[in-house]
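Given these sequences and hints, build the entire structure.
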Amino acid sequence: MPLPPPPAKRAALLASATFDASAQPPGHRAPRRSTSATGAETSSDATAHTKDTELRATDATSRAMEGKSPAAAENLPASRRRTTSSREGEGGAIPKAAPEARKPRAKGPAKLFVIDTNVLMHDPMCLFRFEEHDIFLPMIVLEELDGHKKGMTEVARNARQASRTLDALAGAVGADIAAGLQLDTTGHREAGGKLFFQTQPLNYTLPSSLPQGKADNQILGVVEALRQQQSPREVVLVSKDINMRVKARALGLAAEDYQNDKTLEDGDMLYAGSLALPPDFWSKHGKTIESWQQGAHTFYRVSGPIVPSLLINQFVYFEAPGEPSLYARVTEIRGKTAVFRTLKDFNHLKNAVWGVTARNREQNFAMNLLMDPEVDFVTLTGTAGSGKTLMALASGLSQVLDDRRYTEIIMTRATVSVGEDIGFLPGTEEEKMGPWMGALDDNLEFLAKGDGGNAGEWGRAATNELIRSRIKIKSMSFMRGRTFMNKYVIIDEAQNLTPKQMKTLITRAGPGTKIICMGNLAQIDTPYLTEGSSGLTYAVDKFKGWPHSGHITLARGERSRLADFASEVL
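Residue numbers (numbering that gives the first Met the number 0): 0 to 569.
Among the clues, some could well be false.
[As the list claims (entries may be wrong)] Ranges of calculated distance between the beta carbons of each label pair, as one might list FRET restraints:
no., residue 1, residue 2, range
1, Asp-441, Asp-524, 16 to 24 Å
2, Arg-333, Trp-281, 20 to 28 Å
3, Gly-173, Met-484, 29 to 37 Å
4, Ala-562, Glu-189, 44 to 52 Å
5, Pro-546, Ser-230, 51 to 59 Å
6, Arg-333, Val-245, 51 to 59 Å
7, Gly-321, Met-475, 31 to 39 Å
8, Ala-177, Ser-230, 16 to 24 Å
9, Gly-321, Val-245, 50 to 58 Å
10, Pro-510, Glu-130, 55 to 63 Å
11, Ser-474, Leu-309, 35 to 43 Å
12, Thr-482, Gly-321, 50 to 58 Å
13, Lys-149, Pro-108, 36 to 44 Å
[Said to hold, decoys possible] Straight-line Cα separation of at most 20 Å, EDC-like style, residue types lysine to aspartate or glutamate; simulated pairs:
no., residue 1, residue 2
14, Lys-110, Glu-142
15, Lys-110, Glu-255
16, Lys-239, Glu-318
17, Lys-473, Glu-153
18, Lys-213, Asp-240
19, Lys-343, Asp-402
20, Lys-471, Asp-401
21, Lys-246, Glu-233
22, Lys-148, Asp-166
23, Lys-193, Asp-175
24, Lys-349, Asp-371
25, Lys-239, Asp-133
26, Lys-541, Glu-331
27, Lys-239, Asp-145
28, Lys-349, Asp-402
29, Lys-343, Glu-318
30, Lys-149, Asp-175
31, Lys-502, Glu-153
Rather than coming from a laboratory, the hints here were simulated on the basis of the structure. From a predicted model like this one, the values you see are computed outputs, not experimental measurements. Using N, Cα and C, we set each Cβ at its ideal position, and we do this for glycine too.
Structural data, given as structure tokens:
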């Protein structure tokens, strides 16, 4: 049916006569007299309008507001609230209001953010992350963006994506660069501000000690000119360059880091994957706990104040002197109850995986995740020497060669060097990746020695050949478009990946594939990445609580007493 005509006044209620009779629900009652938001009495069906009728009336009101000033559009939600309150006074039934297309502007003047080039190259979608505030791009930023668009690196791809985004905004219907481009014209409704380009020279004065031709100093000059021009409006420089922010603050200009890419403000707040039960757990919950046996596992159904703090696949443990210990994993959460399942003890030699046993509590938790076929995605973080690579490889070899659960192991890592790059490497893809896979070789040597220790030299050689035939080393550069089916994928040094790279790798998983991401957040070598913005942190935070994923932070190193002491004091 056609939409009813818009109301004559803004925030006025539509009369029920404007709708077709067929659209009225059965049992529709006659209109009642009610007072509108403007104080005039209008005829409205405040008690028997259905939710569908209210949504159409709201939609018609929104359509009537199109083409009017932004101020009028911003007052629309308030007008709706006034109308609703007047009808509530008459005792009518009030359906839920339709969701707003855009968040209302915050109180106070919107800020003007001047974006540095490195922010656009770090996150090409950053233009839509500033909510109701406006954005200003100096001309030198566009010039720098143009200079970085060539090549196949991540920076070049982001520069090209940022350029395409700017072109889409400038080419939108009714776009006027001089008056500012609406950031929500391309479908990003969360962005309520405008984008301004530098269309004319700006007068500014910087200290003579700063070279005038340098791009950073030109951006600082633009910020200074806008601060004087837009006063008392707040003008803020957003840059990933620390020295740029320091110089800006030295000149009395407001400067901030780009915060939207940070999953966590503090790396210590990262989800650990395990939770220590309080000492009074049994005394508080003992009377309400149900338990039963199923196979080799014992299950406990717990209800009480601890349940809201739990997540699916989170490990819980209870250790107290003189009392039996409990090590379990949360397998189910329903309302105010949770179900714990006891773990398989990989500390015992009878449960050794390719000769590897867990040496501490967290390693036992990790082995339970790695050997569980129902867990498709595992993340392991921890200090150097905590056993991440060894456990992942041992579990992979056991499930590939013994259980035949997966067809092969695929191993990759971020090729970010600690020191200077040694240049191009000769050979095939696997030969080029060889120098980056020293950790793989070290752990394979240990595993092969443990498995074929009594088989003699020929037996060890055959074992090594068998292991090598089931492990493929792949470069991340060629992962785009691939699909791994029934593979056991290990991503080493994942702390050096950006969130976008992490998404690219995880989405390669096909049916029957398991992915293990490992890394040490204290050893990030990628520029502009921190503990809070690392792709590993991003994955841990986004996957927590998913029934087919798990995470453990390995707390203690087991490599040697020398390595453990060095990681603490150096």
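Verification of the supplied hints:
Judged by the Cβ atoms, the range 16 to 24 Å given for Asp-441 and Asp-524 holds: they are separated by roughly 20 Å. The hinted range of 20 to 28 Å is satisfied by Arg-333 and Trp-281, whose Cβ atoms lie roughly 22 Å apart. For the pair Gly-173 and Met-484, the supplied restraint of 29 to 37 Å is violated, since their beta-carbon distance comes to about 48 Å. A beta carbon spacing of about 47 Å between Ala-562 and Glu-189 agrees with the range 44 to 52 Å that was offered as a hint.
The supplied range of 51 to 59 Å is met by Pro-546 and Ser-230, whose beta-carbon atoms lie about 54 Å from each other. Roughly 52 Å separates the CB atoms of Arg-333 and Val-245, a value that falls within the hinted 51 to 59 Å. Distance hint for Gly-321 and Met-475: a CB-CB separation of about 51 Å, inconsistent with the stated range 31 to 39 Å. Separated by about 21 Å at the C-beta atoms, Ala-177 and Ser-230 satisfy the suggested range of 16 to 24 Å.
Distance hint for Gly-321 and Val-245: a CB-CB separation of about 57 Å, consistent with the stated range 50 to 58 Å. Distance hint check for Pro-510 and Glu-130: the Cβ-Cβ separation is about 40 Å, which falls outside the suggested range of 55 to 63 Å. The supplied range of 35 to 43 Å is met by Ser-474 and Leu-309, whose beta-carbon atoms lie about 39 Å from each other. Remark: the range hint 50 to 58 Å for Thr-482 to Gly-321 is upheld by a beta-carbon distance near 54 Å.
Between Lys-149 and Pro-108, the C-beta spacing of about 40 Å keeps the proposed range 36 to 44 Å intact. Under the criterion of a C-alpha separation no larger than 20 Å, the hint pairing Lys-110 with Glu-142 is inconsistent with the structure, at around 24 Å. Between the alpha carbons of Lys-110 and Glu-255 the distance comes to roughly 13 Å, so the proposed pair stays at or under 20 Å and holds. This hinted pair does not check out: Lys-239 and Glu-318 have alpha carbons roughly 45 Å apart, beyond 20 Å.
Between the alpha carbons of Lys-473 and Glu-153 the distance comes to roughly 18 Å, so the proposed pair stays at or under 20 Å and holds. Between Lys-213 and Asp-240 the CA atoms are separated by roughly 14 Å; this keeps the pair inside 20 Å, and the hint holds. Between Lys-343 and Asp-402, the direct Cα distance comes to roughly 17 Å. Compliance with the 20 Å bound is thereby established for this hinted pair. About 18 Å separates the Cα atoms of Lys-471 and Asp-401, which keeps this hinted pair within 20 Å; it holds.
The straight-line distance between the Cα atoms of Lys-246 and Glu-233 is roughly 18 Å, inside the 20 Å bound, and the hint therefore holds. Using a Cα cut-off of 20 Å, the hinted pair Lys-148 and Asp-166 holds, with the two alpha carbons roughly 14 Å apart. Restraint check for Lys-193 and Asp-175: satisfied, since their Cα atoms lie roughly 11 Å apart, inside the 20 Å limit. With a C-alpha separation of about 17 Å, the suggested pair Lys-349 and Asp-371 falls inside the 20 Å cut-off, and the hint holds.
Annotation: proposed proximity of Lys-239 to Asp-133 holds, straight-line Cα distance about 19 Å (limit 20 Å). The hinted pair formed by Lys-541 and Glu-331 meets the criterion: a straight-line CA distance of about 19 Å does not exceed 20 Å. Pair hint Lys-239 plus Asp-145 holds up; C-alpha atoms about 19 Å apart against a cutoff of 20 Å. For the suggested pair Lys-349 and Asp-402, the alpha carbons sit about 17 Å apart, so the restraint of at most 20 Å is met.
Of the supplied pair hints, the one linking Lys-343 and Glu-318 holds, its CA atoms being roughly 17 Å apart against a limit of 20 Å. Proximity of Lys-149 to Asp-175 is assessed by CA-CA distance (about 29 Å); at most 20 Å being required, the pair is judged violated. The hinted pair formed by Lys-502 and Glu-153 meets the criterion: a straight-line CA distance of about 14 Å does not exceed 20 Å.
In the structure shown, a violation is registered for the earlier hints numbered 3, 7, 10, 14, 16 and 30, in ascending order.
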